[in-house]
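Asks: Residue strings, one per chain:
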Amino acid sequence: MNYIIEAFQEAWYLIIGFDRELFNVVSTSLRLSITSTFFASIIGIPAGIFIGRTNFGRKKIVNIILNTLLGLPTVVVGIFVYSLISRRGILGEYEMLFSFRGIIIGQIILIVPLITALIRNAIYSLDEKLYKTALSLGATKIQQFKLLLLEARYGIMGAVITGFGRVLGEVGISMMLGGNIKGVTRTITTAMALETNKGRFGFGLALGLILLLLAFIINIGVYSLQEGKEYEQR
Amino acid sequence: MNKKLSIFLIILMITLVFSGMALAQDRLILATTTSTENSGLLDEILPTFEEKFDVRVDVIAVGTGRAISLAENGDADIILVHARAAEDAFVEAGYGVNRRDVMYNDFVILGPADDPAGVKGMESAVAALEKIANSESNFISRGDDSGTHKKELSLWEKASVKPSGSWYMETGQGMGASINVANEKEGYILADRGTFLAYSGDIDLELLVSGDPLLFNPYGIIPVNPAYHTHVNYQKAMALVGYITSQEGQQMIYNYTKYGERLFNPSAITPENFN
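Chain order of the listed sequences is A and B.
Following the working numbering, the numbering of the first sequence begins with 1 at its first residue and continues without gaps.
Following the working numbering, the numbering of the second sequence begins with 1001 at its first residue and continues without gaps.
To be clear, the hints were calculated from the coordinates, so they are not data collected in a lab.
For clarity, every value in this text was computed on a predicted model and none was experimentally measured.
Keep in mind that the hints are not guaranteed to be accurate.
[What the hints assert, rightly or not] Label-pair distances were calculated between CB atoms; the ranges are: (1) T68/A <-> G1118/B: 52 to 58 Å; (2) F39/A <-> K1120/B: 55 to 61 Å; (3) P1047/B <-> Y13/A: 20 to 26 Å; (4) N63/A <-> V1091/B: 49 to 55 Å; (5) L1009/B <-> L91/A: 27 to 33 Å; (6) T54/A <-> I1010/B: 26 to 32 Å; (7) E1092/B <-> F56/A: 54 to 60 Å; (8) P1047/B <-> S27/A: 16 to 22 Å; (9) I220/A <-> I1010/B: 18 to 24 Å; (10) G1143/B <-> I220/A: 29 to 35 Å.
All C-beta atoms, glycine included, are put in the ideal place defined by N, C-alpha and C.
Sequences and hints are given; from them, build the entire structure.
Replies: Set out below in structure tokens:
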């Protein structure tokens, strides 16, 4: 029992003492998550709006595939990307395995479906009357699109933040594609998974506390965005 | 959200994105075992090497089996592992060249304090395993094709026992995690001394068998053959081989202690021959 208390104490000192290794790991995690969320958003936002607003022949099957990919396990993405970027894979010559870029590719694949699907849902839930009114008032295509973005902005931001939270907390992809290299690809989650093997319980615990804190901040963001409309009306 | 804030956020994001692109630097990928990495020895040796040779060493810590397969696929430049038979096969097949002995430590058999199989103090590891198997006491195996796992399997083979049954459990995890499992299950386990020392404060398992020559655990370093994988950083790989087997490198290994004990004994140069 004593060692739990000791570990908590150690974790606390590491955090308030701005331990260099600890914050290196946290910053790697944040840089990775922000980068992959950024690129995933560039793909996911237009895709979500497109699926939400247009009717095309194979829409049903696209939606089913999208919903399937929502539950994509990280290790599946990990193995898939690994086989592509390993030296023996077709993208082997670009030296992406065990690097920042390798992890980012995996994480983008992980959250593009998530962001796309959430934005699609946000677009679906918009009131159709709005467009009809706008149309009857003579809105041009561009004006309609602006209105759509304005109306769905909370949903879009919520989707992006949810994607960010997903990559921040995942461990499978970072471990398989990054290799947990100290100072380079060691993230919060991979450090927690492997550093505790060294008996450095306090270090792992400190990272766990930081991860929880970040998740809490992210959820404050999501919550306030979901409630955003009501706040504005008040 | 107001405009200024969104512009600020976008700029922040783009800056972060580009700061993420690592600067091009000479890079050496060293695939090694969790036991070497977890011991902290590499953190002692590598920084001086990196500075001297202006290269960044990226350490991938996996089991010996996986380290070798990474090198075979060309995903590592050099390996530091401990499984002599597999190492020789690796060199034999043309994947690696210029293998050198680096250091050794030893394996130990851990078990619960009440020692249900009665192996405490036995001199022969093989006889101890036989006793554990006969009494069907819990035994935890790494089961991950690591050097430790290979060693364990070779001991079972010498004991002519095919371990199976509910008493024999494979974790498929690293040394530390497996020791924890053995601790919880009150089972026996073959572990490397370094990891055992790291954990000894937190577990109830005791060191029961050690000192058998069969438990000797030599580490070798092997650069990947540049004739087979032309892209590997062979020059810096050989520099690392040279450095780690030099007076300086060997002395560092000799001087490295943790928990009050020396974890590895240099074997490229014997301590008597240090200057």
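Asks: Against each hint, give a clear statement of whether it holds in the structure.
Replies: Here is what the structure says about each hint:
1. T68/A <-> G1118/B: 52 to 58 Å: With Cβ atoms ~55 Å apart, the hint holds.
2. F39/A <-> K1120/B: 55 to 61 Å: holds, 58 Å
3. P1047/B <-> Y13/A: 20 to 26 Å: Once the Cβ atoms are compared, 24 Å apart, the range 20 to 26 Å for Y13/A and P1047/B holds.
4. N63/A <-> V1091/B: 49 to 55 Å: Cβ of N63/A to Cβ of V1091/B: about 54 Å, so the range 49 to 55 Å holds.
5. L1009/B <-> L91/A: 27 to 33 Å: Distance hint for L1009/B, L91/A holds at roughly 32 Å.
6. T54/A <-> I1010/B: 26 to 32 Å: holds, 27 Å
7. E1092/B <-> F56/A: 54 to 60 Å: holds, 58 Å
8. P1047/B <-> S27/A: 16 to 22 Å: holds, 20 Å
9. I220/A <-> I1010/B: 18 to 24 Å: Hint holds: Cβ distance 21 Å, inside 18 to 24 Å.
10. G1143/B <-> I220/A: 29 to 35 Å: violated, 43 Å
In summary, the structure is inconsistent with hint 10 from the numbered list given earlier, while agreeing with all the others.
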